[in-house]
Amino acid sequence: MLEKLTDREKFLIIGGIIFLVLLLFFTVLGKIIGIRSELSDDISSSRSNSIKLDTIINKYNYFKSIKSADAEDKSVVYGKLDKILIRYGLKDRTQLNESETEIQKEFKKLTIESKMKAVKLNDVFKFMYDIEINKELNSRIDYFTFTKVIGKEEYDIVMKISSYSRIKK
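In terms of our numbering, the sequence shown is residues 1 to 169.
Keep in mind the hints are simulated off the structure, nothing from the lab.
Fair warning: there could be bad hints in the mix.
What the hints assert, rightly or not - Below, simulated EDC-like cross-link-like pairs (lysine to aspartate or glutamate); rule was C-alpha separation at most 16 Å, straight line:
| # | residue 1 | residue 2 |
| --- | --- | --- |
| 1 | Lys115 | Asp82 |
| 2 | Lys120 | Asp92 |
| 3 | Lys160 | Asp142 |
| 4 | Lys148 | Asp123 |
| 5 | Lys74 | Glu100 |
Since this is a predicted model, take the numbers as computed values, not measurements.
Please put together the full structure from these sequences, using the hints given.
As structure tokens, this is what we get:
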């Protein structure tokens, strides 16, 4: 069939076939690269979604556990907190500030901001362990930061301790 064509016609037909094959090849290659990038985006977003889901589940379990817990009055929370602070010698170096917020008109969140000046980190970790793990206080630590005091093995600590209770109707 190509024998009857001139050299110019053969060149155009072979060039057209090569052009169509290359066009098909690059179209398929572009599709594959697009699908691959979408898949990597989906994987990265699913990782972040799983982290968000995990934090939501942890918060749900925490709020579920406090629904059944006894509501603690502000004075009870401060009494227990003072007891733990005195146990580790942190009471005289601690300044406490409080704020209350309402959550879904059903719960009251008492946030106590604790600023500790020049304390040993070991004592602070024991304090945090008693709150978070031993549950001596129906609270949790929401925020924690520390800076080292220059020239000493002591630290300035800022932490926020949140306690939740049901609003009595």
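Right, here's what the structure says about each hint:
no.: 1; hint: Lys115 / Asp82; in the structure: holds (14 Å)
no.: 2; hint: Lys120 / Asp92; in the structure: holds (13 Å)
no.: 3; hint: Lys160 / Asp142; in the structure: holds (6 Å)
no.: 4; hint: Lys148 / Asp123; in the structure: holds (15 Å)
no.: 5; hint: Lys74 / Glu100; in the structure: holds (10 Å)
The structure shown violates none of the earlier numbered hints.
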